[in-house]
Structure formats: C-alpha cells, structure tokens
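Since each chain comes alone in its own frame, lean on the hints to assemble the complex.
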Amino acid sequence: MYRGATWFNITSLVLGFAFLYLPILILVIFSFNESRLVTVWGGFSTKWYVELFNNQGLMDAAWVTARVAFVSASIATVLGTLAALVLVRFGRFPGRTLFSGMVYAPLVMPEVITGLSLLLLFVAVNFDRGFWTVTIAHITFSMCFVAVVVQSRLVSFDTSVEEAALDLGCTPSKTFMVITLPIILPAVISGWMLAFTLSLDDLVIASFTTGPGATTLPMKIYSQVRLGVTPEINAVCTILIALVTIGVITASLVTKRQEVERKRAERMAMSEN
Amino acid sequence: MAANAHGNRFWIIAIPYLWLLIFFLVPFLIVLRISFSEVAIAIPPYRPVFSLTDGWDVLTTKLAALSWENYRFLLTDDLYVRAYFSSVQIAAVSTFITLLVGYPLAYGMARAPAHWRPTLLMLVILPFWTSFLIRVYAWIGILKPEGLLTVVLQFIGIMGPDEQVQIINTTNAVYIGIVYSYLPFMVLPLYSALEKLDGSLLEAAEDLGCPPTKAFWKITFPLSLPGVIAGCFLVFIPAVGEFVIPDLLGGSNTLMIGRTLWVEFFSNRDWPVSSAVAVILLLLLIVPIVLFQAQQQRQQERERG
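In the order they appear, the protein sequences are chains F and X.
In this text, residue positions in the first sequence follow this note's numbering: the first is 1, and each later residue adds one.
In this text, residue positions in the second sequence follow this note's numbering: the first is 1001, and each later residue adds one.
The following block holds chain X by itself, in its conformation from the complex (with noise of 0.2 Å):
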C-alpha cells in the first residue's frame, strides 16, 4: 500500500517533469548549441560543433575552441545591436503608455457598484481570449491611409479631403498595437490592486482636509504599486519579443528583435545566427524575468502570511 502509494506519487511527478524536459529544457541547449556553429549549405543548414556522441574530453577541447563568431557578428553589426535597442525602447515606451490607459480604467472599475464589478471584469477578460491576430489585424482597417480614421477625420473637419493619416507602417502603430494587445494584461493586476483599497484611509484622508488629488498620489497610487509593477512587467517582457505587431503594424523602418529573428530564419535561413539572437533575447529578458518572480513570490507570501 505505501509501496503503490510512493510509486503513484514518483509518476505523478516524473509525467509533467519529463516532458517539460524534453520539449522545454533540451530545446533551449539545443538553440545554445547551435548558435556556436556555422551556417552550411545543407539541410538541416548548420554544421554542429558539438555531437551527442562525443566523449567528455571531446568535449573540453571543443569547448574551449568555440565558435563565438556568430555572436561577434551580431554585436559588431549595427543592424543586430539597433534592433535590441529598439526593442526595448519601443517595449519601454507602449508600456507606459499602456499604465496611463490602464490605470484610469482600472481605477473606475474598482470603483464601481460592487455588482457591477463582475460584468467589468469579463469585459476586460474577454478580449483576451480573442485572437491576437485578429485583434491586430482589426487596427490595419482602421489606420491605413484611405481607412476609417482618415475617413471619420475628414467627415469632422479636422483634415482636408485630401488629406490622409500617415500611421500605419510607422512605430506610432506599433505602440497603438501594443498598448491595445496588452490591455488587459495591465488593468488585471491594478484592478485587483485598487479593489483591496481600504476606503476608510481616503476618508480620513479627505476629513483631515487632504484635496483629492493629494490623497491620490499620497495613498491610492502608493498602494496600488505592487499592481503597477506587476502590470508593467506583464506587459514589457512579452512586448520585448514581439512579432505580430511590429510585423502587421510597422514599418520596413521599425526594428525590433522578434521579427529580425523571424527574417533571419525564414527569410535568411541562417539558423546559428538566428540561434544567437534568440540567445541574446533571452539573456536579455532573464533580469525582468527573475525581478518579476520575486516580486511574485513577495507578494504572495505578504498575502498568505
């Protein structure tokens, strides 16, 4: 019985851990791997430095005389080097402007009637669930240059008839695209933030003589903080990666690192370099990526204990 019970419980683990292995873990060295090796001429069009079989001694020498070429080539390369820049920058940038959208909205909807709040939430959630895609793709109809904005712009007045708007194809439309996309991302974790408020320190605040817009900054927008920083790390790292938007929405001018990945595999077919920016990327997002767990883990004991 404890011997079936053991057993039972090493499977239960074993299942999800093996798999997670094979198809998460091995991949990554495999990308590692592959970045160290040249570009040939050849299917699959690489020549791999190191083999399975290789014995251990094997593999130190080769270890020590790696291939580093691809990653010389990508950061002396001013195209590779602006691109990580960019990325970030424009990642940096829609994030912000994503906390200016959000927090309004988040703000009214943890205000509201508390029978209210279930049906705001589901409004937020739901386009979530809809297709990214699609989602960008409903923009493209509405920036393009003879699209609805131009039209609705010139039907007010505020443009001549001869006048178009020159968005799309621009990094104005990838940050509109991004702040939409990432949406609910924000306004989850400043809703569930703002809801948990205690109203009684607005109200002392407010008899005490405190105006409103002081009691703002002095105590909703500081208690709201561990939903911001959530929100903005929710909301940056995906964006850092970004292709459909930058793609779809962007000009030929936008440069960001997902879709220089895209080009250089499917375009180029240059798996090692593309293995090298994917490295790169990673290594990039590993520092928001670990300061967001910890401010995961924080919080959650805060609310536990």
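The shape of chain F in the complex, shown without the other chains (with noise of 0.2 Å):
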C-alpha cells in the first residue's frame, strides 16, 4: 500500500534494534577478550569467568540475591494475585480508592523514596537490617507488578465457567482452586518470573534496606563499576543477561503452546456439539 513507506519503516526497526541491543553485544563480546582493556581487542578468552567463580564476595552476593528473589517473588505472587482478585471481582467495599491508589503508586514511585521510607520504618520499630529487610521491601513493591499482570488476565476472562460450578454447588474457594486459578495460571506465573527479575535488578531499594551480611550482587557490581570497567564485570552480566533471555524466551513459548493447546480444546469441544 505504501511502497514509500516501507523503506522508512524498515530503517526505523534496524537503527531502533541496533540502538536497543548493540550496547548488550558490545559488553557480552568484550567479556570473552583476553586484555584486561576494555577496547583492545586481544583474542578470545573464558578466563574472566574462572576468576569470577573464584571470587568468594561476587559469588556470596549472587546467593544472598537468588535467595531474596526465590523467597520475595514467591510471596509477592500471592499477595499480588489477592490485590488482583480484590480489584476485579470484589466490587466496592469501604476502603477501595485507598487500596488501588496504594497498588499503583508503588509502580511509578521514585525508588529512592521507597527505600527511604522502608529504611525509616525498619529504624522506627528496631528491626534488625538483613535478609528479611530487603526481601520485605522486594516484596512490598513487586506485589504491585504481579497485580497489574494478575488484573489483565482477570479482566478479560469469562466469569460464567465460574458462576457454572457455583450453581452447582461447587464451593468458592474450590471454584477457584478448580476453575479460577488454571485459568489465572500463566498470568501468574509471568507475575513471578517479573517479580524475580525486579528483585534481581534492585540496586536502589536494597542499598537503603539492606543490613551486615545481606549485600546482593547489583549492590557488589556497582561498588565495583564505580571504580571502573572491568571483563569480570563484563562476565557477570553476560550471566545474567543469559539467564534472563532464557527464562523469558522460555516462558513465552510455554504461554504460546498452552494457548494452541487451548485454542485446539475449543475447537475439538465445539466440533463434538
């Protein structure tokens, strides 16, 4: 249709690709250089990696911060989901506008302010800073990210399934446990795997909540990028670039299947009728 305009759209989609992800390539290619200098090229090499497997601080950091991830995205995936059912399906009750107006805030709230503000509560009641404080404060904001992604899925889903197994006397609580929760189910388990990632990434908010023997690795790796560029560095977010592609590639095809396998169901059923 618009001949003219296919040449600018497909500039537009390389420059904007190229933008997004040739600084990654840049620092995944220089992870592999034998030269400590970042921009001389001195052939390949895996050794940054050795020496990052044998470095007791990065590799103590990595398994405060994969503890506070399983252990905060698990309970925030909960709590979230409840936020999500009490938004979609619980209509009004005294007190509503207060609790989506606290779903949301914590989405685009400046992270320096949550830290700070949860910092000042864990001082004001004397709790002791460590593990708990930063999985509490991880937990606190990414509950809001698995109810928005929680919500999406609800809203578009058709309650009558539901009011099916109610009238047959199916109790709520199997009802969702049966009917609801399966439905429900890829939504959220992406929520996790957010809630995973956000934890994953918090540099702001752990610093400000964080206590002797809790330091995470985003916490380790700018301590160290402030003194430079270095290929441990390099090495380190190769790992976890990788890790992350892959779960997220992962879950996508996982959805993508279940959703054929769905659509197949449906049609196998209406073809029976």
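Take these hints with a grain of salt, some might be off.
Said to hold, decoys possible - What follows is a set of in silico ranges between Cβ atoms, one per label pair, in the way DEER data are often shown: (1) X:Asp1198 / F:Ala124: 48 to 58 Å; (2) F:Pro94 / X:Gln1293: 19 to 29 Å; (3) X:Glu1206 / F:Asp167: 15 to 25 Å; (4) X:Ala1014 / F:Glu163: 20 to 30 Å; (5) F:Thr250 / X:Glu1038: 50 to 60 Å; (6) X:Gln1296 / F:Glu259: 45 to 55 Å; (7) X:Lys1218 / F:Glu163: 39 to 49 Å; (8) F:Trp7 / X:Leu1029: 56 to 66 Å; (9) F:Gly42 / X:Val1093: 37 to 47 Å; (10) F:Glu259 / X:Ile1156: 39 to 49 Å.
To be verified - Stretch-level coverage of chain X by chain F, calculated; a stretch enters the list once three of its residues show a Cβ under 8 Å from a Cβ in chain F: (11) 1134 to 1145; (12) 1218 to 1230; (13) 1241 to 1255; (14) 1259 to 1269; (15) 1272 to 1286.
By construction, these hints were calculated from the structure, which means they are not laboratory data.
Given the structure is predicted, the values throughout are model-derived calculations rather than measurements.
C-beta: ideal position from N, C-alpha, C; glycine also.
Quick look at the structure:
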C-alpha cells in the first residue's frame, strides 16, 4: 500500500533495534576478551569467568540475591494475586480507593523514596536489617507489578464458567482452585517471573534496606562499576543477561504452546456439539 | 456456608490491604514525621518530634510548633532548588528525545507484517527484563574518552588520532542513558496505539489526494496521542527521581534530586533533610502521577464502552 514508507519502516526498525541491542552485544563480546583493556581485542578467552567463580565475595552476593529473589517473588505472587482478585472481583468495599491507590503508586514511585521510607520504618520499629528487610521491601513493590499482570488476565475472563460451578454447588474456594486458578495461571507465572527479575535487578531499594551480611549482587556490581569497567563485571553481566533471556524466551514459548492447546481443545469441544 | 464465604472475603481483602498499609503507607508517614525533626548525633541520627505514645492534646500542640527548619533550609539553599529544577528539565528533555527515537520504531513495528509483530514486540520487551544497572554500565565502556566510540570515530576518520569523545560525566551522557533505559516504556504504549489504527482512514486520505506526510499529521499522529501521552508519563515520572543513571554517567555538575537524596542520606547521614527532599520530590510527582492515572482510567473506560 505504502511502498515509499516501507523503506522508512525498515530503516527505523533496524536503527531502533541496533540502538537497543548493540550496547548489550558489545558488553557480552568484551567479556570474552583476553586483554584487561576494554577497548582492545586481545583474543578469545574465558578466563574472566574462571576468575569470577573464584571470587568469594561475588559468589556470596549472588547466593544472597538468588535467595531474596526466590522468597520475595513467591510471597509477592500470592499477595499480588489476592490484590488483583480484590480489585477485579470484589466490587465496592470501604477503603477501595485507598487500596487501588496503594497498588498503583509503587509502580511509578521513585526508588529512592520507597527505599528511604522502608528503611525509616525498619529503624522506627527496631527491626534488625539484613536478608528479611530486603526481602520485605522487594515483596512490597513487586506485588504491585504482579497485581497488574494478573488483573489484566482477570478482566478478560469469562465468568460464566465460575458461575456454572457455583450453581452446581461447588464451594467458592474449590471453584477458585479448580477453575479460576488454572485459567489465570499463565499470568500468575509471568507475574512471578517479573517479580523475580525485579528483585534480581534492584540496586537502590536494596542499598537502603540492607544490613550486615546481606550484600546483593547489584550492590556488589555497583561498587565495582564506580571504580571502572572491568572484564569480570562484563562476565557477571553476561551470565545475568543469559539467564534472563533464557527465562523470558522459555516462558513465552510455554505460554504460546498453552494458547495453541487451549484453542485446539476449544475447537474439539465445538465440533463435538 | 454464607458466613464462611463472608469470612474468606474479609481475609482476601485484609491480607494485601494490611501489607500495603504497613509497608507502603506507614513508611511515608514516618518519612513525613522525620522530615520535621532535627538532626542529632545519635543512632538513629534524628531527634523525633512526635512519639507514638503522645496523646491527642500533645499532638496538636506539637503540630502547631512544628519545625519547618528542614524545608526552609531546602528552599533557601541554592543547591536543592537547582537540583529540583534540573531533574525536571533533564527528565523533560530525555522524554522528548525518547519520543523522537521511539515513535519511528513503534511505527515500523505496527506496520510490519502481522506474523513478525509478536517477535518484534518480544525484542522490545527483552531489554526491559535485563538489569537496569547492566544496561547503564554497557554505555560506560562505549562513551568514556578511551572507549569504543572514540576508537570507532578515529577509525572512520571523523576524529583525529589524538582526539577523544567528551561525553561521559556530562548531562549528554545522562540523556543517552535515560533514552536508552526507558525506550521500551515509550515504545510499548505507542505500538499498542498505532497497531489499533484503522488503515482504511489512510487509504481514504490517499484516494482523496492527501500527501503521506500530511496524512500522518492529520490522521496517524492525532489517533496515536493516547499512546504518546502514556509513554511520556511512563518515561518522565521515574526519570525525575532517577539515581543510577546520573550517578554512573553524569558528572559532578549533573544535579539530579534522586542523587542528592542518596548523597544526603549515605554520605552526609542527614536523615531529616533527606526525608524532606523525599517529601518535596513526591509533591512534585503527585501532579503527573494523578494526571497519568486519570488518563489511564479514561482510556480503559473508552475501550470497554
């Protein structure tokens, strides 16, 4: 239709994606550089990865980060799913406006404010800072992201199946487990993954709420980055990028397959009638 | 049975509600409280004005005698006022550049063959999942004086062998960092607005002899405005309070309020002043946040109805 515009479209796609991906690609390439200089190519080498696994401080930080991310993502998924149910299904109740405000506000809140305010809370109640304070902080902001993801699935949900189950005498909690949960499960899983990566990435909130013995990987990376670009940091970043990429692509393939299977089941059900 | 269902309903509301009250709302009230207290050399390093055991009478008398000292200090000290202004300015400029970069990309995506679109969408979302810190770090190696950009420009011959790019530690590097990091936030709402666009309108315009550029400004752009507005808010609001980007890419003369708060808290250990900085930052952002939510609400209602 618009032959003239096609060139424009292709150029903007190529330039746009080059801008998005070149810096990451360069970072990954230079993690395999033999030379310590970040701009001179000295041949292929995996020595920075070996060095990384011998760096006890980084390994400890990676372990703390993984534990925080796992625990906070799991609790945030439960709380966020409940919050989404409340927002979509529960109609009006006293304090609903405040509730939806508290769910949406953390999405755009500057991290420095969230971090500072939570730290001041922990200080005010004399709570020892460390693993649990970072985890609680991460639960609080990532549950809101989970709520938004699950909410969008719940909105586009055909409630007649649930109503049928209730009419046939199924208890509300059983209806939820047998019907609602399986249908919203893909959204719940992607909510968990989002919460996990948000926790994995967070520097600012963790820096405020952490205590002795709970240094996370981003904090470790940040303190080294301030001293300059090093191939070890490139190697850590490459591993993190690889993990996230594999996770996201697997998740999207799984959701796609589920979608295809669901459509096939629907077609079969229709043709049987 | 009915009582049981009622009990369930109560707990499903109460659990997330209480969590957010305790870990989101109450902390703000504490920030507010501490912003009115005085610095003390102690642990914690402030002298509280209010105490939880105060009665109502004590509270009202204390409210009357509140210390506005920290706020007066912030508003009279040139450093803070300039930091607020330059945060807003840097965020606004970067938002505009992000729009200029993101619009053609979103447009290209929306016009791509339908079977490409999920993959292209995935390619835009993927960097969003990658750590912010890593993406900012990637630019340090490129922008620093002996970095890759210098090497490339010298190789092409644009730059002499003894010249170096002077971008890192300047505000320009902060612009690049913000545009790069927040580009997916701009592209996604733009794409969803452009994808819904009815192609027959453009065909009609073409049939009636309207040149493509004019058709773009008369049809495509106005219809994509909800996406433009949503994208701009999504970039502008978090960019104002940004810490990592100005800290790693900006120089000592790049003032941004998120960084000022961080320094005030971690280096100067002045908790009351950093709380006051946080309160004013929040007041600055409340207007765009409320506008954004109102726009989102209208958008949702329009789509449903």
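Earlier hints that do not hold, by number: 3, 6, 12
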